[in-house]
Amino acid sequence: MANSPPANDQRPSGAADSEYAVELVGINKSFGAVHANKNIDLKVKRGTVHGIVGENGAGKSTLMSILYGFYTADSGDIFVNGEKVSITDSRHALRLGIGMVHQHFMLVENFTVLENIILGAEDSALLTPSLARARAELATLAKDYSLEVDPDAVVEEVSVGHQQRVEILKALYRGAEVLVLDEPTGVLTPAEADHLFRILEQLREQGKTIIFITHKLREIMAITDSVSVMRQGEMVRTLATADTDPAELAELMVGRRVLLQVKKGAANPGETRLEVRDLVVKDEMGVVRVKGVNFEVKAGEIVGIAGVAGNGQSELLEAVSGMTAPVLGDVIVSGKRVSFHGDDGAGRLRKAGMAHVPEDRQRMGLVTSYEEWENSILGYESDKRYGAGLSLDIPAARNEARRRIEKFDIRPADCRLKTAKFSGGNQQKIVLAREMDRELEVLIVGQPTRGVDIGAIEFIHSQIIAMRDAGKAILLVSVELDEIRSLSDRILVMFDGNLIAEVDPADADERTLGLYMAGVEEPATESDAVAAP
Amino acid sequence: MSYTAILFLLDSSVRLAVPLLLAGLAGLYSERAGVVDIGLEGKMLGAAFAAAAAAAVTGSAWIGLLAAIGVSTAMSMIHALASINMRGNQIISGVALNFLALGTTIVLGDAWFKRGGITPTLSLDQRFGPIELPFVAEAANVPIIGELYVQLISGHNILVYVAFLAVPVTAWVLFKTRFGLRLRACGENPTALDTAGISVYFLRYKALVVTGVLCGLAGAYLSIGQGANFTDNMTAGRGFIALAALIFAKWRPWGLLNTCLLFGFLASLQIRLQGLELPGIGQVPVQAIQALPYILTVVLLAGLVGRAIPPKAIGQPYIKER
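Line order of the protein sequences matches chains X and V.
Using the numbering used here, read the first sequence as starting at 36 and increasing by one per residue.
Using the numbering used here, read the second sequence as starting at 13 and increasing by one per residue.
Hints are computed from structural coordinates only; laboratory data are not their basis.
Do not rely on the hints blindly, as some may be mistaken.
Unchecked claim - Computed list of lysine to any residue pairs in SDA-like fashion (alpha-carbon distance at most 20 Å, straight line):
| hint | chain 1 | residue 1 | chain 2 | residue 2 |
| --- | --- | --- | --- | --- |
| 1 | V | K262 | X | R168 |
| 2 | V | K188 | X | V189 |
| 3 | V | K188 | X | R168 |
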């Protein structure tokens, strides 16, 4: 591992005086077919807090992983303090003074705080002197930055906020001058987030540079000096935080997309089919993601849930469709309360007449190594349509699959083809066909057109509207604002785990919705812990 | 049962515990680094054969020991290649090594020594003989404690002392050195180690070298320490018992010492109980008594251990994305 080569060539303009701690120029990175970073430029001034904002999947974490040497960019240059470097691994990044606090902490859970801090940065082959030095250093750092930790506590037994402080200390102990924080508040309580912001301010005062990744606009306004907006792998714009406002940032994040024209008549709502009462859902980390949500969906209407990705929509979907059990609250389908006892909630909901098109078709909707016809009956394989008793009536199942291929225009029209070989749009149609082509009362659709080409989008939209006109109750969750606006008969806006507004799509322009989605129009609640700048 | 008989039983327990202890410690290094090692059995068997064959040819126990370590470490490196670089299934790689050793030792033994897979019997100076510790003569006159010293502590071969010394050394390495800290991190959360700038692959290789060396000692103990030649499948499942002892000990060196002594005691009790007559039943079949240690292993593992929490990343190949 050689030292970084001398910066003899092609410094970007303005770099010679090393005003910037970090500069990324023309970074590209693809994972298979996904172009996660497209020609990204980013300049971060020394001694500032620089925010990077964007929806989940916008490419923020990938970009920072490239800076930290966890991934290697396909092309592009990295400059640290004006010098061109090629960061090959984390050790190299650490030597250049770049430390990272990952979204999922990189801690060994059954180690003590002290052991975690010295791991990989031990002074000698024996631990005792290293531990002693780290203990002393920790005391100093704790005093300088209010980074209090208990050095002898075992990591898995301390709070998440405490663990995060250990991560920050790990970076500082290694002499980090640039600190990258990836979605640091995602797992924190409001009080812990406040504490974190105080720490960051002190770090800035001491001349450290901080790159702060988030999708929460309020945090950007509260803590950053400048902000870069990313969308779908591209760098949209970099602004001084003082010159912008959350509404503008929300618009940049979500983007003005070409409004798709969907023909639909007026809704004709009937009786209530789906009722959600006081629903509270925690994620795997134990963080409350849905904070007591109430709504209902009537027969013959489409209710859209809008929001910036990561505000609890996924967790809401998973609970309403029976994939996870909520902490509190009820889901009532056609007047019957659904029991979440046991782990077959999704199966019971299906029997109750609910169909679910999950957000992530490859992870939750399909077994991609199956042939198309197998996925076409997945979850309904014990249905009488596909044979009685133990044996599966394979010809009947395949005939059904062929019929659906025709009805939903799935291409290629071959029910024996492996599902992985279908394009994203056609895979989505396989799921839609399976879920819609049956007796049902309530249809739950998550991100129906994510990664789907234009032609398929139109078709999927018209199918959803046809279902509505057939008198089904439809709940639509999407981060695509246009999709929500053009399909929904009512729009509910979700922010920070709450449904904060109900909007009639007729009077919802993008700006109004954007303000709601950014949480700007939200009435003050006790969870408003993030201080104004 | 007389005091001497008890000492005799314990002495035999110690002898039977040693191969388990060495193999268990070998497994500890591997599994603490996150690599499952079901191939302890095969490595021991290969090492036992290499030790006996080399000692028979050269007449030197030390060369036998080197051959054992060499063969066992080479097998460990095959396992490393398969499970670290190739990201293969670690169980399958281990099982394959077990079968490889089982077949190869017999074929080579028959080809080289023409005795149907058994190696020539070694004389006492061609193997590791008992070592008399100092003051044995004086201690023999002291009642109780002296007898214990003479019978139980003194008079074992060098590998026995090495095995028992390896326990505190391993505990120290694991908990007091940089290598140990990284080793434990590697089995718990290799990504954390990687982001701290340490190569997970290289560390796992180092751990598996240690595993190879210790398995070599275990195999050599069987054929040129405790025994005087190699016979086919002479490990007889000890590698698996060692793995069970390791789990029973929750991957801790001192706990491993205790469980190995317990298993050694059960095995030695089994030998003593053969021919036992139970009232009303008559003579208990030898097979039932021989099965006793294994049955107890299953009972202990299933019922008494409580939750043995393995290293979290065990069995998973580490894949660094690029």
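Hey, V:K262 versus X:R168, does the alpha-carbon distance stay inside 20 Å? violated, 31 Å
Given pair status - X:R168, V:K188, alpha carbons within 20 Å: Given that 20 Å is the threshold and the Cα spacing comes to 15 Å, the pair holds.
Within 20 Å, alpha carbon to alpha carbon, are V:K188 and X:V189? holds, 17 Å
When held up to the earlier numbered hints, the structure conflicts with hint 1 and nothing else.
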